[in-house]
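Start from the sequences and build out the full structure, keeping to the hints where you can.
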Amino acid sequence: MNHRMNRWARIAPVAVLGVSLAVTGCAAPGGQATAATKPDTGPINIASISPQSGQFSSLGAWELKGVKLAVAEVNAAGGINGRKLEISVMDDQGDPTVATNLARKAVSDGAVFVFGSAMSGNTLAMAPILAGAKIPEITSGSSPKLATTGSKFLFLNSPPSTVFDQTLANYLVDTKAYKSIAMISNNGSYGKGEHDAFLAALAAKGVTPVANQVVTPDQKDFSSALTSIGQKKPQVLFIGAEEVESGLIAKQARQLGITAIIAGGAPLGTPVYLNTAGVKVAEGSIVSTPYLGNDTDAKTIKFAADYQKAYGEAPEFHGAKAYDGAEIVIKALLATNGAGGAKLAEAIRAVKYVGLVGTFAFDQTGIGVHATTIAIITNGKQIAVK
Amino acid sequence: MQIFLQTLIGGIGFGAIYALVALGFTLVYRTMGLVNFAHGDIAMVGAYIATTFYISTKLPFAVAMASAIICTAVVGLVIERVLRPLENKDFDLMLIGTIGFGIVLEALAALIWGATGSAVPSPVGTQPIHILGIYIPKYDLVIIAVAAVATVVLWLFLDRTKRGIAMQAVAMDHEEATAIGVHVGNSNAIAFAIGAGLAALAGGLAGPVLYVSPTLTASLGIKGFAAAILGGFGNIKGAIVGGLAFGILDAFAAGQFQGYSELVTFVAFAAVVIVRPTGIFGESTVNRA
Amino acid sequence: MKKYIGIAVLVAFGVLLPYGLGSYAIHVANVAIIFAILAIGLFLTMGIAGQINLAQIAFFGTGAYASAILTTQTGLGFWPAAVCAVLAAILIGLIIGIPALRMQSHYLGIVTLGLAVAFTNLVSNSSFTGQAQGINNIPGPTLPGIDLSSEYNYYYLEAVALAIGIMLAAFVVHTPLGRRLRAMRDDDLAASAMGAEVPVLRMAAFAVGGLYGGVAGVLYAGLIHFVAPESFSLANMFFLLAMVVIGGRHNLWGALVGAVALTLMREALVNFATYAQLAYGSLVVFMVLFAPTGLAGIPSRLRSLLLTRGSAGPDSTRVAAYIPAPSLGRGLHAPAPSAPNVVEVDGLTKNFKGLRALNGINLVARKGEILGIVGPNGSGKTTLFNVLSGLYTPTEGAVRILGDSAARVAPYRLSLRGVARTFQNLRLFTRLTVRENVMVALDRTLTRWSWRYFLWPLGVWRQDRGMRVAADALLERYGLSDLADTFPTELSYGAQRRVEIARAVATNPEVLLLDEPAAGLNGEEVNQLRLIVKDIRASGVTVLIIEHNMGLVMSLCDRVVVLANGAVIADGLPAEVASQPDVIEAYLGDSSLLDLPTTETAGTP
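Protein chains in written order, with the working numbering: chain A, 1 to 386; chain B, 387 to 675; chain C, 676 to 1280.
If you are wondering where the hints come from, they were derived from the structure by calculation, not from laboratory data.
Hints may contain errors.
[Stated by the list, open to error] Below, a list of computed lysine-lysine pairs in the DSS-like style, where the Cα atoms sit at most 30 Å apart:
| # | chain 1 | residue 1 | chain 2 | residue 2 |
| --- | --- | --- | --- | --- |
| 1 | B | LYS548 | A | LYS381 |
| 2 | B | LYS444 | A | LYS232 |
| 3 | C | LYS1042 | B | LYS623 |
| 4 | B | LYS623 | B | LYS475 |
| 5 | A | LYS309 | B | LYS444 |
| 6 | A | LYS381 | A | LYS176 |
| 7 | A | LYS280 | B | LYS444 |
| 8 | A | LYS302 | A | LYS386 |
| 9 | A | LYS309 | A | LYS343 |
| 10 | C | LYS1028 | B | LYS475 |
| 11 | B | LYS524 | A | LYS280 |
| 12 | A | LYS233 | A | LYS65 |
| 13 | B | LYS524 | A | LYS233 |
| 14 | B | LYS548 | C | LYS1028 |
What follows is the structure, encoded as structure tokens:
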């Protein structure tokens, strides 16, 4: 008896495997998951994928505030022809691989549109998945690489670094006639974009930077890079890095006796840069930005007031461009009557919109805004240069 | 030459901080026999507390630091109570347990203070001292002075006071120590509190030169621990020399290899300890059965 | 029976699982399988071989990056790239393992952690690896007739890899290689004295970690189609460590359960990443404090708790009587003076940091002789044994065993040459059963032989079966059959001493060094010991025995050497030596030599 039981026990796994395989042979799994046709009524699902935790979480927080403000406004006004917009907030933790997982999740959840990511690298990672699923996305990233993916579904709510840095180079070299310019940038997606764009803009003017140091995005001590920059006694120090790192670089540069004027892109115009560097260090920094402040025209004043009311704080560039992005999507969704896919992408490309960060007119690469302004930080505020 | 000196100055400034972190490892190891992988996280917590006092409540820097050291020492007492069962267990369990605790502290810090971190203004002004063509940040001098004083005080405590000697006896043989009347639990609690205070000192001092965020752990903890091993684990002289050596190695690697500095630093560190596993001054052995 | 049903249910579950999963859930399952494979690697390196490896994530990264670079930049197909990537990961494993040859424990932990940081630094800087932006659009694998771009089909590819990974790991753990790794983990000194080539085994442990890391990395690149430095960060290393620790680092199923459970937890808490971190960090602390063997260890802990509460099971501390070999008669006499010298020590000196432990020792032991080595505590007896077994290298002087020099020869080489020993302070492999302890010693092959695991597993299996039979025969003779499946920590002191001797004899030695084998034994056990030693000598083995129990020494040894302060002060027949005035003087205050009569009391330590 016992012996027979044992034999059966040995056969059991094989038998079960056989049965399982037979079942498998009959039908492949996952067939039912395709063609999840959503009804044309009920809420419209859009996803926001951005860092909500980790060292870049402030970017995600700003992004979400801007988006939520615009969505709340449209929902209060009756939504998209009666259908409310629902945002599912997903945290990519600043990790591009997590972002790819979340993009898959958004696809599986049937999102018609994705906001994000606020980080260029994460956006680049998600782009093929969202393009494959025909889901349009608007990123807050500004790496020039974003315009080279060839995806018809990827849009930028900000000018790319090439625009920022062309404007900046024009001002520094043509207007101010600075010749001795040093560069420091990180090798992350954003910093690499800044590095390449600014270097190219200088090269076109026949200027070679006196120093060109590269650091990593999570570096905190720049004394050696700054020491070799200090040796060259540059007139201008260009910083191509995110807010916190820009602030640290500026602060440490002053501690090492570097008196050069600090110049850079949008990060230098944010309160985080001001806090990190300190108001004294930040004074006189030259910023190339499409968003000058919360009181430049009626639109920004209203936006700043609404933002202040909703969140109890003043908005800055990131929140403003996220708001613009959301406004554009809302317009496009109204045009398609809530439909997504290629139709929505075409509708977004067709939107003409004067926003907080500039005039939007998307080209084939997904870039909407094509100009920035030069401002100088004075008493902690960005003052436009005439 | 100028670049060389300037890099050296920068390396010594950071080296002094690594040395303080290494001292904390050393103290806890010498007096408790505990290899505390969460030490860097405690330094991070100390840095946050110091920053909170300094920026939010606008206390003078020295007062903020002193308060942070006391608060972190109290936090240390709590941590020691939780980790007490780990003491006198095998090194592997200690290592894993304290790594786990470090993860907890990092998450807690992110929940309490947010994940983006905060910048700390330098308490002595940003104008550097300019001599012989090199710039010496004033704050670096503060770090070096504080580290030197802390080292001397710690050394006097461990080797010249009865209490300190008794505490080391505990790590050597806690049964023997109990037999001669040392209360092991109290001794360990005090040792850990002092270690936590030292961590807060290191973290708080690092605040104005680095940036206070949950990732401070990675920069302080791992390099501080590596510095302790480089100098000779459990050895005070080793902690100081190891810390300075690591800071200088790091600074020159950053100068020569830019972004690749960590790669170069850690590969060089691995190579040195492969040749000399007990570090520059040899491990001050804690004999355990 | 139960085991087979369990496996059958598991297989069926694995095969049918995708039918119940949505398009995103299957992706999560695919990620979980990859972490499970990775966790097996860490389980083998850390849980089985005892190497604190905090760079497993770098092996994973090497596999992923190598396959990404080869497919996107050299145009190699997925499969050839995969093979190269796995080889690259093994190579990185071997390189990162080099420090393990010189250091262990927390030292190794921090060095490997530093090297893991170095790896992330390398990939976030090199333009080869796409810097911080990573590498995108990595092609997935292809198989004729199966569309692997469907995540459902990819699941089966991964499931097959996992199944092979589990089988290989289970096979390794329970056969000679894994047994030696576990022995090394429990006590590397004893393992090397039993013939385990510790340096080779440590490298093997890292190579295995590299193998699993590489396979997981390749599957990861093929699944996500994207690699970036963050995936291989320290945070993920600690996450992986948490999986293995929470699941149970000494148990294969524990590591797997930990990997799957934590992946699912992280997925469920994806929008609360900080809380997830808090949760798994707290779990690690909790586990280490209250269940150091992890989830997998909880059932057996509960069982032992219940057993000790209720009526105890079979008395596991009893040792049966030794069964003498039929040829005992020969063992009663000392060898003829013409017998060849097996051990020759000539002018041996050993210094420790200025302290002279051995000072110009000369002695010989003839084939088949029982040589007693006595002397007061601290006279250098154990130091002498440590030199003879290769654990210490002599400062000066020559040591020849079986005609060849034994100075500066690794312990495992001496073991293979025929030197076996026991340890004064009992160094059994505590997490190996008694039978496994003996089987480690029975294994006389070189670790090189492990290539058979890949090319001829059947041979490994047959060898293992043979060793098991031999071990059971030996245990039977030593009266340990009932204890074969217990762990040394559950045994009485006397039983552990018996296992030590059985383990040493299992190496089939020419020379046997017994370090205070009677310490802590009762009278009957000492009688048994005498019988055993005489029997061992009868088979032609030369026995050197350090002993404080002078009754035993007098009645057992053919000749006695007396050490004092690291030097030989007497050498001769037991009775002659005992009456020498300087010997008595050396023993002043140590009365054991003076009560010469053969009272068999418990040996004094």
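To see whether the hints hold, each was checked on the structure:
no.	hint	result
1	B:LYS548 / A:LYS381	violated, 59 Å
2	B:LYS444 / A:LYS232	violated, 38 Å
3	C:LYS1042 / B:LYS623	violated, 53 Å
4	B:LYS623 / B:LYS475	holds, 27 Å
5	A:LYS309 / B:LYS444	holds, 28 Å
6	A:LYS381 / A:LYS176	holds, 21 Å
7	A:LYS280 / B:LYS444	holds, 18 Å
8	A:LYS302 / A:LYS386	holds, 24 Å
9	A:LYS309 / A:LYS343	violated, 35 Å
10	C:LYS1028 / B:LYS475	holds, 29 Å
11	B:LYS524 / A:LYS280	holds, 17 Å
12	A:LYS233 / A:LYS65	violated, 42 Å
13	B:LYS524 / A:LYS233	holds, 21 Å
14	B:LYS548 / C:LYS1028	holds, 28 Å
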